Structure formats: C-alpha cells, structure tokens
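Here is what each chain is made of, one letter per residue.
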Amino acid sequence: MKHKALIVGRIAALLGILQMLCGCWDRTEINDMALVTAAAIDKDERDGIELSLQVFMPRALGSNSGGSQGGGGQKLTLVRSSRGQNIADAVSKIQTKLPRKVFWGHCKVFVLGEEFARKGVREEMDFLARHPQPRERAYMFVSKGKAIETLNLLPPLERYSADMMRKLSELKIGLKVTMKDFIIMLGGDSKAAALPMLDILPPEEGEQPSQGVPYIAGTAVFKEDKLIGDITLQTTRGVLWLTKKMEKATITVRPKDAKSGFITINPNHHVIHQTPRIVNGKWQVLLSIQTSGDLVQNGTNWDPMNLDLLHAMEAAVQDSIKDKIELALDEVQKTMKADILGFAEDFHRSYPRQWGRVKNRWDEVYPTIQVKTDIHVNIRRPGLSTVPVAIPEDEVKKK
Amino acid sequence: MIEKGKISGMQMGFMMYPTVVSTAILMVPSVTEKYAHNDLWISTLLASLVGFISMYIAYQLHRLYPNQTVIQYSVHIIPRLAGKVLGLLFLFFYLHSTGAVVREYADFISDAFLPQTPMIFIASSLLLLSAFSVRYGVESVARSAFIFTIIFAFPVIFLLLLIPDLTPGNILPVMEHGILPSLRGAIVPQSWFSEFFMISFFLPFLSDIRKGRKWGLISVFAAMISLTTINLTILLLFGDRVSGMSYPVLNAFRYIRMGVFFENFEAIIMAIWILGNFVKVSVFYYSASLGLAQWLNLKDIKPVVLPLGILIIIFAYWSLPSFQDVTYYLTGTFAYYGPLMQTIIPACLLSIAFVRRKRPSSS
Amino acid sequence: MKWGTFIGVMVIIAAIFAYEWPRMKQLPKKDKAAFIALLSIGWILTLFDLQNMAGPATVLETIFKPFSKLLDTR
Numbered sequence: 001m002k003h004k005a006l007i008v009g010r011i012a013a014l015l016g017i018l019q020m021l022c023g024c025w026d027r028t029e030i031n032d033m034a035l036v037t038a039a040a041i042d043k044d045e046r047d048g049i050e051l052s053l054q055v056f057m058p059r060a061l062g063s064n065s066g067g068s069q070g071g072g073g074q075k076l077t078l079v080r081s082s083r084g085q086n087i088a089d090a091v092s093k094i095q096t097k098l099p100r101k102v103f104w105g106h107c108k109v110f111v112l113g114e115e116f117a118r119k120g121v122r123e124e125m126d127f128l129a130r131h132p133q134p135r136e137r138a139y140m141f142v143s144k145g146k147a148i149e150t151l152n153l154l155p156p157l158e159r160y161s162a163d164m165m166r167k168l169s170e171l172k173i174g175l176k177v178t179m180k181d182f183i184i185m186l187g188g189d190s191k192a193a194a195l196p197m198l199d200i201l202p203p204e205e206g207e208q209p210s211q212g213v214p215y216i217a218g219t220a221v222f223k224e225d226k227l228i229g230d231i232t233l234q235t236t237r238g239v240l241w242l243t244k245k246m247e248k249a250t251i252t253v254r255p256k257d258a259k260s261g262f263i264t265i266n267p268n269h270h271v272i273h274q275t276p277r278i279v280n281g282k283w284q285v286l287l288s289i290q291t292s293g294d295l296v297q298n299g300t301n302w303d304p305m306n307l308d309l310l311h312a313m314e315a316a317v318q319d320s321i322k323d324k325i326e327l328a329l330d331e332v333q334k335t336m337k338a339d340i341l342g343f344a345e346d347f348h349r350s351y352p353r354q355w356g357r358v359k360n361r362w363d364e365v366y367p368t369i370q371v372k373t374d375i376h377v378n379i380r381r382p383g384l385s386t387v388p389v390a391i392p393e394d395e396v397k398k399k
Numbered sequence: 001m002i003e004k005g006k007i008s009g010m011q012m013g014f015m016m017y018p019t020v021v022s023t024a025i026l027m028v029p030s031v032t033e034k035y036a037h038n039d040l041w042i043s044t045l046l047a048s049l050v051g052f053i054s055m056y057i058a059y060q061l062h063r064l065y066p067n068q069t070v071i072q073y074s075v076h077i078i079p080r081l082a083g084k085v086l087g088l089l090f091l092f093f094y095l096h097s098t099g100a101v102v103r104e105y106a107d108f109i110s111d112a113f114l115p116q117t118p119m120i121f122i123a124s125s126l127l128l129l130s131a132f133s134v135r136y137g138v139e140s141v142a143r144s145a146f147i148f149t150i151i152f153a154f155p156v157i158f159l160l161l162l163i164p165d166l167t168p169g170n171i172l173p174v175m176e177h178g179i180l181p182s183l184r185g186a187i188v189p190q191s192w193f194s195e196f197f198m199i200s201f202f203l204p205f206l207s208d209i210r211k212g213r214k215w216g217l218i219s220v221f222a223a224m225i226s227l228t229t230i231n232l233t234i235l236l237l238f239g240d241r242v243s244g245m246s247y248p249v250l251n252a253f254r255y256i257r258m259g260v261f262f263e264n265f266e267a268i269i270m271a272i273w274i275l276g277n278f279v280k281v282s283v284f285y286y287s288a289s290l291g292l293a294q295w296l297n298l299k300d301i302k303p304v305v306l307p308l309g310i311l312i313i314i315f316a317y318w319s320l321p322s323f324q325d326v327t328y329y330l331t332g333t334f335a336y337y338g339p340l341m342q343t344i345i346p347a348c349l350l351s352i353a354f355v356r357r358k359r360p361s362s363s
Numbered sequence: 001m002k003w004g005t006f007i008g009v010m011v012i013i014a015a016i017f018a019y020e021w022p023r024m025k026q027l028p029k030k031d032k033a034a035f036i037a038l039l040s041i042g043w044i045l046t047l048f049d050l051q052n053m054a055g056p057a058t059v060l061e062t063i064f065k066p067f068s069k070l071l072d073t074r
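Residue numbers (UniProt numbering), protein chains in the order written: chain Y, 1 to 399; chain V, 1 to 363; chain H, 1 to 74.
Just so you know, these hints were derived from the structure itself, not from any lab. All values derive from a computational prediction rather than experimental measurement. Certain hints may be false.
[What the hints assert, rightly or not] Derived pair list, reagent style DSSO-like, types lysine-lysine, alpha-carbon separation capped at 27 Å: (1) H:LYS29 <-> V:LYS299; (2) V:LYS34 <-> Y:LYS191; (3) Y:LYS223 <-> Y:LYS144; (4) H:LYS32 <-> V:LYS299; (5) V:LYS4 <-> H:LYS30; (6) V:LYS4 <-> H:LYS65; (7) Y:LYS119 <-> Y:LYS337; (8) Y:LYS334 <-> Y:LYS244; (9) V:LYS84 <-> H:LYS29; (10) Y:LYS144 <-> Y:LYS93; (11) H:LYS2 <-> V:LYS84; (12) V:LYS299 <-> H:LYS25; (13) Y:LYS282 <-> Y:LYS322; (14) V:LYS6 <-> H:LYS30; (15) Y:LYS172 <-> Y:LYS245; (16) V:LYS34 <-> H:LYS69; (17) V:LYS4 <-> H:LYS29; (18) Y:LYS101 <-> Y:LYS43; (19) Y:LYS223 <-> V:LYS4; (20) H:LYS30 <-> V:LYS34; (21) Y:LYS226 <-> Y:LYS191; (22) Y:LYS101 <-> Y:LYS144.
When you get a sec, could you build the whole thing from the sequences and use the hints?
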C-alpha cells in the first residue's frame, strides 16, 4: 500500500516539475513574433519621429521556394510605420498594426533619416542601448532623404533591402559602423561621429519605383549628436586611410611623365601607423602608410619591368593617396571641424597631461593639428603581362 | 559532528571559483570602470589581494583549530557569550548575503531574459534546487560544483572570438591620474574576493589539508585572472561606455560572432552561467545552514535547510524594491560589510588566538 | 497583506512540513524545535510588505554610510 502511494506521489511530483519546463510567462513561439530586419527613423512634421520597421514574412519565403518566380522582386518583407514621441512610443503604435509581437533581435540595420539626424540622435539611441533586444552589432546608416524609402526597396540581387545594406557595409567600401561603434564615438573624447551615407540609385527606365538600389554614397558627419554634413566617397577614402580602416582600394592614376593612359593598382596589404606627437608645443600627427599590391591595368606605354619606370608609377600612386588624404583633411578637419578622425582619443592616450589642458577647447585645437604623411607604395607584381599589351614592340617605352 | 562527508582540496577550489566569479562578472566591470576608468584591470588585480589575505587567515585559523568552523572556534577564541554573539553575526551575514546573491541572479535573469516571469519564481526555483543539494551535505555540493565549474569556466574561451573586434589602444593611457582611481575601483570587487574566507566552512571536511591550501591559492588566482581578463576584454571592446551598461558581460557575449552566420551566443552562455550561480548559492546556503546547525548544537543539518530557504527569499526582498537599491546595497554597503565580516573580524580572531597560544593556556 | 502571497506561503510551508517532518523522527527535540521556530519566523515575516519596509539592509546602510564617501555612492 505504502509503496503504491509513493509511486503516485512521485508521478505527481514529476508532473508538477514538467509544468515548470515550458517557462510559462516568457514563452514565445516563433510564429508569434514579427522579426524586424531593419528599422528606419525619420523626423515627422511636428516634434516627434516616424519609425518604420521592415518585418520579415516567413510565409513568402515558403512560397518562393517553388521556383516559378524568377530571381528577386518577390516581396519577403513588409514595411509598417508610425509616428510617435520617441521610438518606444512609435513601436507601441506600430504594434497595433501588427498581429505579432515586434522582436528586435534580428534587426541588423538601422537607417537614420537625414532630417532626423540633423535634429540630434541621442534620445533615440538611448532606446537602442537600453532595450534588451537590439544588437550592438547592428549596422547604422544615414540616408539621403527619407529613411523609410530604403526599406521599401526591392533590390534585385538580395532577398530584401536590409540584407543588401548589411552586405554593403561588410564590403567596407565606405565606413563600416556598428551600433556599438556609433555609441562609443558619440560619447568619446572627440565628440564627433561618422556613419555611412546611403543614397538610392534610381530604377532603370521601365522598372517599378521600388526597383531602386541603395548604395553607399559617402559619409555622414556628426558633431555632438547632430548631423552637420556629409562628404563624398572620394573624401571617405582619405578618411579611411587616416583612421587606419582602409582595406581594399583601387587606385587609378596617370603617371606624371606618361604621354597618355592610366595605370591602376589594387593595394591589398597595408601597414598604417598613426602617431600623435607634440613637438615644440605644436601638435602633429604622423601618418605612415606602407602599402603594396599588384598592377591590374596599364594603359600607358611604359614597361613595368623597368625599375625606374616602376618607381615612377609608385610615386604617382603615392601622390594620389596623399591627395585623397589632404582632401579629407581639408573637408573634415578644416571646414567641418569635426574630429571623426579620432585625433582626440589618440592624443589623450599618448599625451594624457597635455590633453587634459586642451580638453575644453579641443574645438579650437583640432583644426590646427598638422598631419604629416609618409607614404610608401610598392607595386609587387605586374600581373600576367609584363609589357603593355596591344602596342607595337617599338612603341613601348623601356627606359 | 554534523557533517560526515569528506571532500578533496580540488573540489574545494572548484567550489570557491564560481562562488566569487559568477556574480562578480556581472557587476564588477561597470562598477570598476566607473571609478578606475581605463585602469579597471588594475583594480581587480589589487582587489585580489584581499582574497589572498582572507584565504590565508581562514587557513591559519584552521591550523589552530582543526575540525572546527568559524562558528565553533569563535567561542573558543573569545569569551563564550561574545563568541556566540559573533557566531550569530556571521550567520546573519551569510543568510543575508545568500539573499543578496539570489536577488542579483533573479534581477539579471528577469532583466535580460525573462521579463514577463515573476521574479519570485526565478529566485525560488534556483533556491529549491540548491536546497536539495545542501540537504545531502557537503559531498553533494562539492561534487556538483566540480562538474559545473568545469562547464562554467568554458565561456571565457568564447571571449577569444572577440579578438578581431578589440581596440588595444583603449588601454592607454595607463594610470592617467595615478593609482588612486584604481584603488577606489578596487573597493567594490575586493568585497567579492573577501568571500574566499568561506573556505573556513569547508576546510574541516578536507581529506588532505595541504592540498586545501594549494587549491585555495589556485582558485583565488584563477578568479583574479578571469576577472581581470573579462574586465580587460570589455574595456578593449566598449571603451568608455562600460560604466553606462547594466551588464557589460552580457553585451560583450552578445557581440560575439563567428563567421557570418554564427551569432547570438548569449543564450547558451547564460544557461552556462546559471550553473555557476547554482554553485554560488549552494555554497552560501550550505555555509549558512551548517553554521546555524552548529550554532544551535543540532544533531543534523537537514531540519534547518528548507526553513532557511524561506528566510533567504525574505532577505532577497527585504527593503530592496528595485535594481538600483540592490546596486546601492552592493556598492555602498556590502563593499565594506563583506570585508569587515570576512577579513577584518577573522584577522582579529586570528591575532587573539595567536596571543592566547603564546601564553601558557589558562583554560 | 495580499491574500495570494499569504496562501502561497502557507502552501509552501505546509509542503516543507509534510516533506521534512516524517524524516525527523529520530532527531532530538531540539532539532524539531529549531525547525518549527524557523518556519514560524519565516511565516510571520512574509505577512509584511517587506520590499518597502526598513530592514536589515537599511540598518547596514546606515552603519556603513560614513564609508560610502570613499566612492560617493549616494
């Protein structure tokens, strides 16, 4: 008898414990969630913001696997937007238009509208850093015009526009900035930040307006937390050299003494050192760049196997890099006076005492900093052709 | 004797490591960064000194009074009544601390993972589990600690995946404002390190005391290295932003990404982290229960375990309505209360005991 | 006092009692007394609204307040 009671008791206890396994209160089924793939924040006409969410539609993915629809264009996402005082407010309003619970965990892209960014972003960044779901690794962009437009696009090559923007960022043609980086930049010594600037390539004639493609058009420059301007992709290359973030480059130049034609090299290995120095009370940054790569196109009649000509080619590339850097310094340091180059952090680290003295008037010191460059380009290989191709032998300049 | 089990020195070391590290990794990075800024890794190194001292004191007291815990020998070192009062203070301290630990754990889980679940269920389910482990005595606590600590230490390896995202420059300038900020930053973590005094409750059950000292040292050292590594990684990853985060470790683990597709690690890592917390709670819970049983001269530890569980839950909530209150308690009160009970008072006991040993004993 | 908490605590205490009491037969009276005393302390304390009540943590905070200047915690 007692034995039986024991068994019944144990089964009851087991059933009781099983109840706990489902995690009752926080149970969320995947088909109760609206997976946000990208979010866009715009300014509305009044004081508030307009938040737009690109939400993934799992059912569309299932029907697409039939294979009848060719390529892209099939809508995998839907976009919902709403106005509110801030993000949290707008989300709660979007929620009323969505049958599933908004879930930020997969949101890889945040696009800030130009207008909104000019007004200041700090207040809304707080939501992203405080809410437990958004990821610090999400990429941040600023869009020319309204940010919601980038979400509405149906890029032909990728599944949805958020995916496309993420991949653009990962290619590192422009800047690659995650939410973590952006928040650190905003709160850092230099009080300036930079985000990649998105623009939309208009659709070809005969295509629907949603067939446009987002691309990285340059860099948006923030001072404090407000957008103050943007620089072109060309200038951004200079910024990349200055901030040691350059990875892949294609440099096309016309050597000074060449009669006609351009040469192009693909430097793919860089050693960049950026050393802050204070010499006789003058603040300087020494930028030394050593880069090497292959010749990919030679439009001149020069023979790259000749060492003298090779060095002349290298010198031309060096000048080109130097020009880009000076362009960047001119715009960012002299004109905008925004320290997106991170000089403040560099000086703080190397000269903490001197930094402490100028900290409060960094805005005045920053534009006066001299940048000295020391660039070495090394063309390692000529590719598969030694001499210039398709030119009669006697026209090739060998000396 | 109440406890008949025996544990090995290695098991004791494996018990103490998560006892210090499991909750420290949550709070220590942001608290130390607040005061020490980018010297936060020096703070944990300095703080570990208190760990070594507390452990040494517990060990020396154990050599003078083998087979006794702090509750038992305090009656022998100072007058009986005073010793009993001191014992009660210790009991109260460990009971209250267990409550605080449970609360920290529950706050974190409900903040980051289960916001809808009532906190009381998060707290009491962990406590119930620990209660069963504690009921079966020191051997069951030690064995579960041995297995769980191995798994618990594993996520530190995952931090290596963050290396491509680190900015080594964040460490500069070292000691910009001298050593003072690092010392201030060390005040809070040293209270965690003072918890190494708890080996006093386990030394009497060691099968080989010499190994106990060796493994005690190893576990203080391991805790120092782990906390410093974590502090440093977080500094190199997040720079100045650390002190603005509630749980920087969580943010760091969330940032991990392997390849292009393998991310969102934190669910696994936090599941593992719960194991560490289980060890921590059961070590505290065991110490409190054993202490109470010894203080009342009971014959067995079992009758007090479950009722104490209720008291621990009570202490986890008593006058702590919010996370901010818990943080204030840990930084403003426990930072001094912990080392007072676990380092300074034991040091006094040790010096009195030494003096009494030198003189021909009168008792 | 909330009735939900009250009933919940009663159920838990009853469960602990039902689980532990039969296993304590061989133990001396002192052990049983300690068990019952602790349970009653717990039961009485849960009758109050503890979260918003001054308690040991408040006392300790007052004691250690002078030190908190070291870190300007409050």
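Hint-by-hint comparison with the structure:
Note on LYS29 (chain H) and LYS299 (chain V): the hinted pairing holds, with a Cα-Cα distance of about 10 Å set against a maximum of 27 Å. With a C-alpha separation of about 20 Å, the suggested pairing of LYS34 (chain V) with LYS191 (chain Y) holds against the 27 Å cut-off. Note on LYS223 (chain Y) and LYS144 (chain Y): the hinted pairing holds, with a Cα-Cα distance of about 18 Å set against a maximum of 27 Å. For the given pair, LYS32 (chain H) sits about 10 Å from LYS299 (chain V) by alpha-carbon distance, which is consistent with the 27 Å threshold.
With a C-alpha separation of about 20 Å, the suggested pairing of LYS4 (chain V) with LYS30 (chain H) holds against the 27 Å cut-off. The suggested pairing of LYS4 (chain V) with LYS65 (chain H) is violated, with an alpha-carbon distance near 42 Å, which exceeds 27 Å. A C-alpha spacing of about 19 Å is found between LYS119 (chain Y) and LYS337 (chain Y), which places the hinted pair at or below 27 Å, so the restraint holds. Of the supplied pair hints, the one linking LYS334 (chain Y) and LYS244 (chain Y) holds, its CA atoms being roughly 20 Å apart against a limit of 27 Å.
Pair hint LYS84 (chain V) plus LYS29 (chain H) holds up; C-alpha atoms about 21 Å apart against a cutoff of 27 Å. Proposed proximity of LYS144 (chain Y) and LYS93 (chain Y) is supported: the alpha carbons are some 26 Å apart, at most 27 Å. Of the supplied pair hints, the one linking LYS2 (chain H) and LYS84 (chain V) is violated, its CA atoms being roughly 37 Å apart against a limit of 27 Å. Pair hint LYS299 (chain V) plus LYS25 (chain H) holds up; C-alpha atoms about 12 Å apart against a cutoff of 27 Å.
For the suggested pair LYS282 (chain Y) and LYS322 (chain Y), the alpha carbons sit about 22 Å apart, so the restraint of at most 27 Å is met. Simply put, LYS6 (chain V) and LYS30 (chain H) have alpha-carbon atoms about 26 Å apart, close enough for the 27 Å limit, and the pair holds. At most 27 Å may separate the alpha-carbon atoms for a hinted pair to count; LYS172 (chain Y) and LYS245 (chain Y) meet this at roughly 9 Å. Our distance criterion of 27 Å between C-alpha atoms is met by LYS34 (chain V) and LYS69 (chain H), whose separation comes to about 15 Å.
Straight-line distance between C-alpha atoms of LYS4 (chain V) and LYS29 (chain H) comes to about 21 Å, which keeps the hinted pair within the 27 Å bound. For the hint linking LYS101 (chain Y) to LYS43 (chain Y), the alpha-carbon distance of about 24 Å falls within 27 Å, and the restraint holds. For the hint pairing LYS223 (chain Y) with LYS4 (chain V), the CA-to-CA distance comes to about 68 Å; that exceeds 27 Å, so the pair is violated. This hinted pair does not check out: LYS30 (chain H) and LYS34 (chain V) have alpha carbons roughly 50 Å apart, beyond 27 Å.
A C-alpha spacing of about 10 Å is found between LYS226 (chain Y) and LYS191 (chain Y), which places the hinted pair at or below 27 Å, so the restraint holds. Pair hint LYS101 (chain Y) plus LYS144 (chain Y) does not hold up; C-alpha atoms about 30 Å apart against a cutoff of 27 Å.
Of the numbered hints stated above, those contradicted by the structure are hints 6, 11, 19, 20, 22, listed in ascending order.
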